[in-house]
Amino acid sequence: MQKTPEQINEDLLRPLQGTGNVYRVVLAFFVCVVIVAGYAFGHQIDNGIGVAGIRRPVFWGFYITNFVFWIGLSHAGTLISAILRLCNATWRRPVTRCAEVITVFALSIGAAFPVIHLGRPWVAFWLFPYPSERGIWPNIRSPLLWDFFAINTYLMGSVTFLLLPMIPDFALVRDRAVGFRKKIYSALSLGWSGTPKQWHRLETAMHIMAIAVIPVAVSVHSIVSWDFAMAPVPMWHSTIFAPYFVCGAIFSGIAALIIAMALLRKFLHLEEYLLPIHFENLGKLLLVMSLLWVYFVASERLTAWYGNEPAEMTVFWLTQRGSFSPLFWTMVFCNFILPFPILAIKKLRTITGCVIASIGVVIGMWLERFLIIVPSLSRKYLPYSWATSAYRPTWVEITITAGTFAAMVMLYMLFSKFIPIISVWELKAGQHPVAAEEYARFADGQTRLADELERSEAGAE
Amino acid sequence: MARQWGMVIDLDRCTGCEACVVACHAENNIDTVGEDQAARGRAKHWIRVERYYEGEYPDIKAKFMPVLCQQCAAAPCEPVCPTFASYHTAEGLNGQIYNRCIGTRYCANACPYTVRFFNWFNPVWDEPLNLQFNPDVSIRSVGMMEKCTFCVQRIKAAEIQAEAEKRPLKDGEFAPACVQTCAPKAMVFGDLNDPTSEVARLARSNRATKLLEETGARPQVTYLKRGSWNGAENAENA
Amino acid sequence: MAAPDSIYGLFPGPAAADLGLNALRDAGVAREKIVVMSAEPFEEYEFAHMGSSVAMYRIAACGGIAGGALGFLLARFVQTAYPFPLITGGMPLVAPWPTGIVTYELTMLSAIVTTVITLLITTGLPNWRKGKIYDDEVSSGMVLIGIVDPSVGARADLEDRLRRAGAAKIKGTGRFARGG
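Protein chains in written order, with my numbering: chain L, 1 to 461; chain E, 462 to 699; chain R, 700 to 879.
FYI, nobody ran anything at the bench for these hints, they're computed from the structure. Incorrect hints may have been included.
What the hints assert, rightly or not - For each label pair, taking beta carbons as the anchor points, the in silico distance ranges come out as: (1) L:Leu263 <-> R:Gly823: 30 to 40 Å; (2) L:Thr330 <-> R:Ala780: 45 to 55 Å; (3) L:Val31 <-> R:Leu769: 34 to 44 Å; (4) L:Val115 <-> E:Asp587: 31 to 41 Å; (5) L:Val115 <-> E:Thr493: 22 to 32 Å.
The structure presented is a predicted model; accordingly, all values stated were derived computationally and were not measured. For each residue, glycine too, the CB sits at the ideal point set by N, CA and C.
Using the sequences and the hints given, assemble the complete structure.
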């Protein structure tokens, strides 16, 4: 179902043209949540990180769970967008920008957590390698420094991956805007005019970026997983962590993408652009990732159980039968038992079905991060030092967690108001009629036009 | 040869009196966090006496093991600190630089012995304990990691004194607070690289063992296994 | 700054635009003087290939290698900087794996940054000069095919050729500016 360029422009630029009251109210709500979370963080800086629930020996809790969760979620966009671009999958065109936006915002939110969880966040800049007066540099043997480099590289890559294809769309909005908005969009579009040289360079740059960003994305979550795997903690010190985390990241990312697309489809009336086939294809990918996730979890737990090492088995049974088992089985339900039938049975793989499965996956993956961190820290090697009272998050941690979800929604809502959430030029480019047909159709028109001109000239003489 | 500070703890002599814990608090300006915070697992005891019960009433046995920073030669807490706040000194100690710590708490997670403690709040001393500070030890503020330093302030003071007097350090000339306080003399401190020192001799004992050696951290604290009360070699009581 | 002189036609579709391009080439207009603008990349059509190619892949790779070398030097420096070469965890002073990771990340970062810079330089962006050759109707789907700096005498002939080739509108900038 082909649409003319004008129709596409109209449909995809409509969200930029006005805001309804419902939008304003919902946005205000999320802004309030973010402000409350900001207050909670200020309270934490003022009084000391002890206002959070973390304790000895569970030194990492909600904040690091959120950190890993958001960085993982960010693997949706750029990875999916880059892989689909390299595979020339045509159905990716309406999906790419939605996905890339998730990446950039999720990364930014995730990257805030290494600062939020610090005991002394005001000196966080010591992580940056700069020549200090004391002549001391950061310790790059630490996986946290690898995080620093990897996340910055990935953020840089994702931002450019998002911004470069936005340039022609900024130009589009510039052409339609008036007054102050026109000035802003003119500046943002960098004076783009759409010459073949510019298009060719842009597409080549996107292709190079797609090739470059995939290994970076894989390395980022591997490095985040090594924050855990490099420490001699029972059930952390496992070689499977890097691929396990990358798989989990892509899994949660695709789920977030499906949810975001479903919401956009509904609220921005993009039913003719985000089609059921898109959700079906993403749903199939989600199914594959779910199976892959089960494979990794099963491999890890089987080898731990078979090895029967006492420290590891303590943590193993704690999650499977002990105090963490309700969370553990909820996670298994959300990540596998719920999504598998929905996504495997074609009849159930509707948009609603995919969204239900995705919501389950997002919850399940958050729980998975929590269950990797807290049970292992609760039961380390010396039983006298086990966490006798369980780790309980305080209002500070819960508020900040809620604040990050609100921030994500808020940023997404703001983005979709100022920039077309579907890449307009890519969508148009995907709708090209076959050249030969075009020529044939136009040749008729040409002959008619030539005849008309001759007739008018003959008439004029 | 460079010094390698080490300790030997004789588990047969330890009575579990915890005088070492109190002495450490006094020497190193460690605050008591209060009942509420302690219940939430935030108490700080640079040396603690781990107590394990065995058996059922009335045949209960209690086993005591003082656990402190093992000053591991291949310490897992050192490479994971992003700001070099935890590093290995030339004399074999695991140094903790308080004002370099940004509080990521990675070192505490990496330590298999859980001997690292975090300042969740700014420390508060009830009166009159606030008059009792040791001027040689800095007060740690919120957001910093701290742990046993083998009383490095005493080591440094003794070394400076010996150098000023142009003589070598004698074995047993000084000791960390816990070693000094231990009534049954269960703890011995000294230079493991000096083969004539008491600690090196005891570390070669046939009762010598190390805690969690399988983690590969190469701890410098040696524990001497328990014998039975009547001197018979009884593996059951080890 | 005044707009450069040009005459251009707005063609309703890519096939028409190709005919317009051929018409101009038949008129003997040099390749460098032909300007093409569109709202999407039309890879299958000839008018979309009016540009020289740049070895962007090679430049990106070179940028990556340069960045990697810098990353390696940074990693080595940071671990050995006088006066604080600090030993941690029994690992060597220049630990190979962390050095490798930092090198790798900085390689990828500089490949990405090099690509962006190459893109900006070779496309001449940002180009915020006023009075460029451009027409807002391009974003509605029209393809702009025109001639930069034509001679005044050839005006009528060029406009006629463009119209015959199927231009929906004929416009101009600079000296030739007027309404459609």
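Ascending list of hint numbers which this structure does not respect: none
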